[in-house]
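Put together the whole structure using the sequences plus the hints.
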Amino acid sequence: MTSKKLLNSVVGCADDALNGLVACNPQLQLLEGHRVALRSDLDSLKGKVALLSGGGSGHEPAHAGFVGKGMLTGVIAGAVFTSPAVGSILAAIRAVAQAGTVGTLLIVKNYTGDRLNFGLAREQAQAEGIPVEMVVIGDDSAFTVLKKAGRRGLCGTVLIHKVAGALAEAGMGLEEITNRVSVVAKAMGTLGVSLSSCSVPGSKPTFELASNEVELGLGIHGEAGVRRVKMATADEIVTLMLNHMTDASSASHVPVPSGSSVVLMVNNLGGLSFLELGIIADAAVRSLEGRGVKVARALVGTFMSALEMPGVSLTLLLVDEPLLKLIDAETTAAAWPNVAKVSVTGRKRSRAAPTEPREAPDPTEAGGIASKQMALVLERVCTTLLSLEEYLNALDRAAGDGDCGTTHSRAARAIQEWLKEGPPPASPAQLLYKLSVLLLEKMGGSSGALYGLFLTAAAQPLKSKTDLPAWSAAMDAGLEAMQKYGKAAPGDRTMLDSLWAAGQELQAWKSPGADLISVLINAVKSAKAAAEATKNMEAGAGRASYISSAQLDQPDPGAVAAASILSAILEALQSQDM
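Numbering (this note's numbering), first residue to last: 1 to 578.
It is possible that some hints are incorrect.
Unchecked claim - Straight-line C-alpha distance at most 16 Å; calculated EDC-like pairs for lysine to aspartate or glutamate:
1. K5 with E308
2. K230 with E208
3. K294 with E321
4. K204 with E356
5. K46 with E169
6. K348 with E289
7. K325 with E169
8. K465 with D476
9. K4 with E308
10. K434 with E308
11. K434 with E421
Read the hints as simulated data drawn from the structure, not as lab findings.
Rendered as structure tokens:
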């Protein structure tokens, strides 16, 4: 079965891809009648050396993404994974020659078709009197014993584009550029690893891998690698790759002794997530530095892909300061990353966390009666939430990801651990603030954020007063914050419904002579009724708003949890005869 791809046609996909890149990049122009992209300012290159590269399509952004001032003059693209036509290569050479360049360097990856076609075009151009040189790049470090074909050209070719481009921009001659990049090309190596294969448009995947296997040492055309290894952690895979690349017994190794400096390229082969790419990059930098190798620059991204292959290649280029200046030289090529011109190794990668604001002294005795009462209330709340874990999860499966009970239990356990560390603050404002910080850090999810907002806002009115009107004002402040940032309103089938209903009852605390318990009893009754009523509501906010209301025949788990918390607070206060 062929894989799905967003194409207009299999036959025209290479042309369409190049047309799209040129259409969106004013620095590029197509050469009429050929699958060739050239710098749009070609006439400005009079008296300079032109640089041409290319190969099969399917390696994007290589090669057209590296056309620009300071890199390539133009590229010639073949069909997917197919060498470009000799006629198109020759047309590109003629075009840059007729623009007034003083010679052309062909930068070719070491594959038979590329060597033959670029080589033949070179011979024909030279016969026409055009000065043309060619360098063949082989940076593959997969093979321990080299065969006649030599090392394959991989992502390291992009670094040669950059070095040659900087030299050409500086006005260096054709012969000197050729000699310089030939030396540089011998000081680098690349190795790839993949979780599965890719598929050429209109075809099946090129190879199959078991779910617990990865392919080591593969090329960029979907061909299998040198061996298969068991799936392992990113750190272990990176260590395996670097060991293989630098093994002195291998004929294709790159010598990277302790004390050397390298440019590291972490290249997405097409289908790896950016999250995984970051993890691989971190592992590579740590591993190299652990070997005493200085990472002078690190380039992380997609440079030379193999269609949608979910894999990564690592390239190491040994560098000194003169070579680093060429890597750092300015370029307008769209796919070259904006890399800081400072060493990765030796840079401080973190800064101290900001200091916490100094807390106002607690006016009440820590561990006193008020503090103990607070602890008892919190313990009752925690016990209640832990007992509801499975029930809340079951309610949440209808409209969410089924973790509402787990999230609340996580909060409860965090509070219990916190209480073990010592008595809670007796000051209500400090207590609510401490709880908000704890839940924001430990509870997770949108529930943690909402409770954190509620408690942070609720703490403010309690800083100056702690009588019943202040507690009513605290409830108002918490509800206002939840609505402001959560965008939910009463009737939206969320936890706010229960809290809002309770808040309306707690307005009675603002009346002279109001009774704590009797008002709280009414508030709990209203909260429970509001929670039950949510099963007849259409969700207007939260994850449940994406589900058809016909499928929601149970109360909202957040509303049930909020009502249960209020009920637990009431029970704890009643048990203390308050």
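Here is what the structure says about each hint:
| no. | hint | result |
| --- | --- | --- |
| 1 | K5 with E308 | holds, 10 Å |
| 2 | K230 with E208 | holds, 14 Å |
| 3 | K294 with E321 | holds, 13 Å |
| 4 | K204 with E356 | violated, 58 Å |
| 5 | K46 with E169 | holds, 11 Å |
| 6 | K348 with E289 | holds, 14 Å |
| 7 | K325 with E169 | holds, 13 Å |
| 8 | K465 with D476 | holds, 15 Å |
| 9 | K4 with E308 | holds, 11 Å |
| 10 | K434 with E308 | violated, 48 Å |
| 11 | K434 with E421 | holds, 13 Å |
Hint check: violations occur at hints 4 and 10; the rest are consistent with the structure.
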